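The task is to assemble the complex, starting from two chains supplied on their own in separate frames and drawing on the hints.
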Amino acid sequence: MMMLEWKGKRLLASAGINVPAGVVIARESSIGAAVAEVATFPVAVKAQVRSGGRGKQGGVRRVDAQADLVPVVQAMLDTSYGGELPDAVLIEPWLPIERECYLSVAVDGRAEGYVVMYAPRGGIDIEDGPPPARYPVGAPWNFRVHALRAVLQEVESDYQWREKVVVLAQRLVRLAAMHDCSTIEINPLVQLSDGSAIAADAKIARDEWAHFRNDEIRQMREADRRRADPLLRASLEMGHMYVRLDGDIGLISGGAGMTMAAMDMIAAKGGRPACFLDASPGPTSTRGYRPALAMLDADPQVKVILVSVFGGGTQMQRVANSMKELMAERKSSKPMVFRLDGTNVDQVPAILDEFGAHNHATLEEAVAEAVRLARSAT
Amino acid sequence: MSILLDRNNRVLVQGATGQMGTFFVEDARKYGTTIVAGVSPGREGTTVGADVPVFANVRIACAETGADTAIVFVPPALVLGAIIEAIEAGCRLVVATADELPVLDTIEIRAAARANGTAFVGPNSPGLISPGKAKLGFMPSFCYREGNVGVISRSGSLSYEGAKRLTRAGIGQSTVIGIGGDPVKGTTAAEALALFHADPATTAVLYLGEIGGSEEIFVAEYAARADAKPVAALIVGQTAPPGKKMGHAAALIGSKAEGHEAKIAMLRAAGVHVANGAGEVMAATRQALANARTANTKDA
Numbered sequence: 001m002m003m004l005e006w007k008g009k010r011l012l013a014s015a016g017i018n019v020p021a022g023v024v025i026a027r028e029s030s031i032g033a034a035v036a037e038v039a040t041f042p043v044a045v046k047a048q049v050r051s052g053g054r055g056k057q058g059g060v061r062r063v064d065a066q067a068d069l070v071p072v073v074q075a076m077l078d079t080s081y082g083g084e085l086p087d088a089v090l091i092e093p094w095l096p097i098e099r100e101c102y103l104s105v106a107v108d109g110r111a112e113g114y115v116v117m118y119a120p121r122g123g124i125d126i127e128d129g130p131p132p133a134r135y136p137v138g139a140p141w142n143f144r145v146h147a148l149r150a151v152l153q154e155v156e157s158d159y160q161w162r163e164k165v166v167v168l169a170q171r172l173v174r175l176a177a178m179h180d181c182s183t184i185e186i187n188p189l190v191q192l193s194d195g196s197a198i199a200a201d202a203k204i205a206r207d208e209w210a211h212f213r214n215d216e217i218r219q220m221r222e223a224d225r226r227r228a229d230p231l232l233r234a235s236l237e238m239g240h241m242y243v244r245l246d247g248d249i250g251l252i253s254g255g256a257g258m259t260m261a262a263m264d265m266i267a268a269k270g271g272r273p274a275c276f277l278d279a280s281p282g283p284t285s286t287r288g289y290r291p292a293l294a295m296l297d298a299d300p301q302v303k304v305i306l307v308s309v310f311g312g313g314t315q316m317q318r319v320a321n322s323m324k325e326l327m328a329e330r331k332s333s334k335p336m337v338f339r340l341d342g343t344n345v346d347q348v349p350a351i352l353d354e355f356g357a358h359n360h361a362t363l364e365e366a367v368a369e370a371v372r373l374a375r376s377a378t
Numbered sequence: 001m002s003i004l005l006d007r008n009n010r011v012l013v014q015g016a017t018g019q020m021g022t023f024f025v026e027d028a029r030k031y032g033t034t035i036v037a038g039v040s041p042g043r044e045g046t047t048v049g050a051d052v053p054v055f056a057n058v059r060i061a062c063a064e065t066g067a068d069t070a071i072v073f074v075p076p077a078l079v080l081g082a083i084i085e086a087i088e089a090g091c092r093l094v095v096a097t098a099d100e101l102p103v104l105d106t107i108e109i110r111a112a113a114r115a116n117g118t119a120f121v122g123p124n125s126p127g128l129i130s131p132g133k134a135k136l137g138f139m140p141s142f143c144y145r146e147g148n149v150g151v152i153s154r155s156g157s158l159s160y161e162g163a164k165r166l167t168r169a170g171i172g173q174s175t176v177i178g179i180g181g182d183p184v185k186g187t188t189a190a191e192a193l194a195l196f197h198a199d200p201a202t203t204a205v206l207y208l209g210e211i212g213g214s215e216e217i218f219v220a221e222y223a224a225r226a227d228a229k230p231v232a233a234l235i236v237g238q239t240a241p242p243g244k245k246m247g248h249a250a251a252l253i254g255s256k257a258e259g260h261e262a263k264i265a266m267l268r269a270a271g272v273h274v275a276n277g278a279g280e281v282m283a284a285t286r287q288a289l290a291n292a293r294t295a296n297t298k299d300a
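Residue numbers (my numbering), protein chains in the order written: chain A, 1 to 378; chain B, 1 to 300.
Excised from the complex, chain B in its bound form (with noise of 0.2 Å):
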C-alpha cells in the first residue's frame, strides 16, 4: 500500500496546457499517475499529452471523469482560487508543488482543506510519490522503488538525493511525500507520521528535516510512541547561521530549541535513529528497518 497515492487516483490538472503542466502530463502518465483531465479556463475542448481533455472548470472536469485529485500549477497570485475551486469541486487530495505562495493564502487554503476533508499536499513542495504506482510532482522516476520505508521531506531535492540513496541500497519506498518548505503546510510532519502509521505496507519512516521552525517536535514525539514505528531522520543545517533564512522561509533559526544541535538531541532522546550528515541516510534507515524486524518478531 500506500498513503495519499496510488493507480486509483483521478487526477485532474490545473493549469495544464501551460508549460509545467504539459510536461507534468507526459512525464507523470509515463510513471503511472492516472490522469484524466486538464482545466484550464478558456482552453476547454482541446486536449493536453495527445488525449486528456482540457475542461474550463474544476466542477465539470469532475463530473465528466470522475477526477477526485487535483495537482495546480498556476502563477502565485491564483494558486488560492485553483485550489479553493478543487476543493469545494469535492477533490479528496490536492497538491500545490508552488513556492512564492503568500502565508495568508496557504492559512486559507488549510482551513478550507480541514472543513471539506481534503487532503492538501505543499506548498513550496515536489509533490509526493507511491513508487511503482503514481506521481504527483517532477521527482525523477529512476531516483525510487517500491518498498516499505515511508519518506517525509521538508525540501524537494533533498527527498530525491535520499530517495536515490536508498533505492541504490535496495530499500524501497512506500510514499514519498514533500511536506513542503513554508512555515504553514497543507500536511504537517506529524499528519504524514500519521498516515504511515495507518498504512500497513510502511514498517519504518526516514524523515528529511531542516534547522528552523517546530516540525521536528512531533516526530520526536510519535517516535516516543509506544506503538510507534521506528523512524530514522536527516536533518540538515548543522552549518547554517542564525538569524538567516536559508531559502525556505521557515529554515530559520528563531531560538536555540530550533537550532541543528537542540533537534538532534531531541529526537535522539526519543529513540529516533538520527544519520550524521547526506551520507548516513541510508545506514540510519537499516538501523529503523532491523528494528521494526525486532519488534515484529516480538509480537509474533
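Chain A extracted, bound-state conformation (with noise of 0.2 Å):
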C-alpha cells in the first residue's frame, strides 16, 4: 500500500532525514487561506496521488508568484493522474539542486530480506539510466556501515556525500523494519548546493499485512475499501483480490497461480478476461462468493462468468453448495460456466445438477465453453 508523498515524507523526517518544509492543501480545505501561508517563491506544486509516473504527467509543476498559485492548486486538484484524483496538493520551496541521486532501501527475495539501492544519478529517467548499485542487507539487524561504504565506492566518488548516503541508508532501513516499509524510495535524493542532503520525494510502501500491529497501516487498509466502489468494497471486505482486466469474461477463481493459468488459457483461445478475481483467501462460503458474483453481475463489461476452483483446504462440495444457493436468488441472466476441481470434488456433479448447471471436468472444456458464450453474447 502507498503512502502519499506528503505522509511518507512525514515518516521520513521522524527518523531525522532532511525534507523540504512544505504545506499540504487538502481537497475540502480552503485553498486561498491555506496558500497565503507560502511566502517565499518559487514553489513546486505537487499533486499528491499513490500511482507513479506523475512528474511526466504535469502532477509536478514550478509556480513563481503568489497569484499564480490558487489556480494551479485549482487545476490540479481537478486532474486525474493514472486514473487517481489528488486527494491533496503539497507545495514546497523550489529546491537549488546541484545533483539527484537515487536511493531506495526494499524488500527483496534475493537478499532474503532488504536490499539498499543507490545511483549517483537520479531523477525521473532512473530506469533509463545503469541499474543501481546494491547492497544487499538481509535481515534489517545485519546492516553494516563498512559493508556499504564498500559498495559504494564503485560508484560514488565524492567520499563526504558517500557518508551521509550511509548514514541515510542507516536510517532507512531501521526505519523500514520498525514501520513495516517494504520500500522506501527517495528519488531525487537531493544534493544541494552546500553540500546538504534532502528528500525531494518519497515513495513508501507499507506492509498490509502488519495491519494487526500498526494502527496506521490498519487505517490505510480501510481508507483503501472506502475508495472502491461499493460493489467492489463488498467483496474486498471478504479478502477478495481483485484486479480489473478489459476482456469480457468474467472470471471467479481461486488462488493467485491458478487465477493467472485460466486468465492465460482465456486468451490462447482467443477470449478476454475482464479480471484477475482470486477468491481464495476469503471466507469461501455462500458469503464469500456473494459479493464476487454480485459485482460481476452488476458489471456491463462482463457477458459470461467463469468459475474455476480447484481447492485443497477449500472443499468442493462446499463450493458448490454456495452456489446452488448463490444460483437461486440471482437475479442477473448472465451465462455461468462452472469448472471445479480439488477435495470432494466426487459429490460436486449431482449438486450442480439440481440447478441445472454443469461442471466442466477441464479448464480447457470450460474456457472453450466461457469463451463461444462471450462471442455469442456480442
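Among the clues, some could well be false.
[Unchecked claim] Ranges between beta-carbon positions, derived for each pair:
hint : chain 1 : residue 1 : chain 2 : residue 2 : range
1    : B       : A262      : A       : G356      : 43 to 51 Å
2    : A       : R134      : B       : T34       : 38 to 46 Å
3    : B       : A295      : A       : D128      : 53 to 61 Å
4    : A       : R171      : B       : R43       : 22 to 30 Å
5    : A       : R375      : B       : R92       : 36 to 44 Å
6    : A       : Q160      : B       : M1        : 28 to 36 Å
Keep in mind that the hints were calculated from the coordinates and are not lab data.
Being a predicted model, the structure only gives us computed values, none of them experimental.
Ideal Cβ positions, reconstructed from N, Cα and C, are used throughout, including at glycine.
Okay, structure coming up:
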C-alpha cells in the first residue's frame, strides 16, 4: 500500500531525514487560506497521488508568484493522474539542486530481506540509466556501515556525500523495519548547493499484512476499501483480490497462480478476461462468493462468468452448495460456466445438477465454453 | 526417495485444536503422514484426531514424542513466535501455509532457520507432499502419485492442477513442494532445485512459476549447468498487466525482466522445456523426462 508523498515525508522526518518544509492543501480545505501561508517563491506544486509517473503527466509544477498559485492548485485538484484524483496538493520551496541521486531500501527475495539501492544520478528517468548499485542487507539487524561503504565506493566518488548516504541508508533500513515498510524510495535524493542532502520525493509502500500491529497501516487498508465502489468494497471486505482487466469473461477463481493460468488460457483460446479475481483468501462460503458474483453481474463489461476453483483446503462440495444457493437468489441472466476440481470433487456434479448446471472436467473445456458464450453474447 | 518429507518425519501440529489443525490431523494421517503430537497452549492433556496427544509447548512435545517436524496453523500474528519456538526446539523441518504474514516476520524466521540448520517451507504456500509417503498441507490427495518428477510451485492451486495433469498422464512425482507466493521465502526455488538435484529418485523437475520477482533467474541458472537434471516449466501471467499485484505479493511485474516474455525467453535459452499454457504441462514434462533418459544412456 502506497503512502502519499507528504505522509511519507513526515515518516522520513521522524527518523531525522531532511525533507522540504511543505504546506499541504487537502481537497476539502479552503485553498485561499492555505495558499496565503506560502511566503517565499518559487515553489513546487505537487499532486498527491499513489500511482507513479506523476511528473511526466504534469503533476509537478513550478510556480513563481503568489497570484498564480490558486489556479494551479485548483487545476491540479481537478485533474486525475493515472486514473486517480489527488487527495491533496503539496507546496514546497523550489530546491537549489546541485545533483539528483537515487536511494532506496526495499524487500528483495534475492537479498533474503532488505536491499539498499543507490545511483549517483536519479530523477524521473532513473529506469533508463544503468541499474543502481545494490547492497543486500538481508535481515535489518545485519546492516553494516562498512559493507555499504564498500559498495558505494564503486559508484560514488565524493567521499563526503558517500558518508551522508551511508547514514541515510542506515536510518531507512531501521525505519522500514520499525514501520513495516516494504519499500522506501527517495528519488530524487537531492544534493543542495551547500552539499547537504534532502529528500525531494518519497515513495513509501507499507506491508498491509502488518495491519494487526500497526494502526496507521490498518487505517490505510480501511481507507483503500472506502475509496473502492460499494460492489468492489463488499468483495474486498471478504479478503478477495481483484484487478480489473479489459475483457468480457468475468473470472472467479481461487489462488493467484491458478487464476493467472485461467486468464492465460482464456486469451490463448481467443477470449479476453474481464478481471483477475482470486476469491480464495476469504471465507469460501456463500457469504464469500456472493459479493464477487454481485460485482460481476453488475459489471456491463462482463458477458459471461467463469467459476474455476481447484481447492485443497477448500472443499468443493461446499463451493458447489454455495453456488446452488447463489443461483437460486440471482436476478442476472448472464451465462455461468463452472469448473470445480479438488477435494471432494466427486460430490460436485450431483449438486450442480440440482440447479441445471454442468461441471466441466477440465480447464480447457470450461474456458472453451466461456469463450464461445462470450462470442455469442456480443 | 523424496526431499524433506517421507514417512519417517515425526510431525507435530501447532494450533492442532483449531478448525484447520483438526482437519489437517485427520486428512494427513489418512494419507500416511506420521503425526505424533499437537501443541496448543492451555489445551495440554487433551487429544486431537482421537489419539494424538496435545502438549503445552513444542519443547515438551518433542521430548515426549520424538517429533522432528512442525506444521503451523495459528493466526498470522502468532506465526513468527510459533515457528521460532519450533526452530529453537530443534525441529529439522517447519512448514507454514499461512498467508497474510508480514514480510518482516518471514525475514526473521528465515534468518533463524538458517542459523539453526532448519528447513523452512512457506509462508503463503500449500506445503509439500511426497506422494505415497506423507503430506504436510491440504493438497487433494487424488491428484498425486509416486514417481520421479520433482515439482516446485509458487502457487498452491496451480500445483494441484499441475500434479493432477501429471498423474492423469501416468507421470508420478517424488515430492511436490509449494515455495509460496511471497517475495521472501523459507525455501527458494534455487534451494528446492538443489534438494531435487541431490535426490537420486528425482530424474526431472517441473517448475510452476509466475510473473514478478527474480526466482526464475535461479531456475534458468540451474538448468544451464552441465550436470543439471532436465527442467520443464510453466510461467503464468502472460495476460497480467504490468504494475499490478496479482494476488501474491511477489506476482507484480516491476521491470521488463519480470514480465512473462522475458522469463520465457531466459528459461528457453537455458534449455528449459517451457509449456505454452497449463494444457502443455504434461508434454513439457515428458520432454524433460525423455531428455533425462537420453542423458542416462549416454552415461552408460
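Against the structure, the hints:
With their beta carbons about 45 Å apart, A262 of chain B and G356 of chain A fall inside the hinted range of 43 to 51 Å. The given range of 38 to 46 Å is respected by R134 of chain A and T34 of chain B, whose C-beta atoms sit roughly 44 Å from each other. Distance hint for A295 of chain B and D128 of chain A: a CB-CB separation of about 43 Å, inconsistent with the stated range 53 to 61 Å. Between R171 of chain A and R43 of chain B the beta carbons are some 44 Å apart, a value that contradicts the proposed interval 22 to 30 Å.
A hinted range of 36 to 44 Å for the beta carbons of R375 of chain A and R92 of chain B is inconsistent with their spacing of about 55 Å. At roughly 58 Å, the beta-carbon separation of Q160 of chain A and M1 of chain B lies outside the given 28 to 36 Å, and the hint is violated.
Checked against the numbered hints given earlier, this structure breaks hints 3, 4, 5 and 6; the rest are met.
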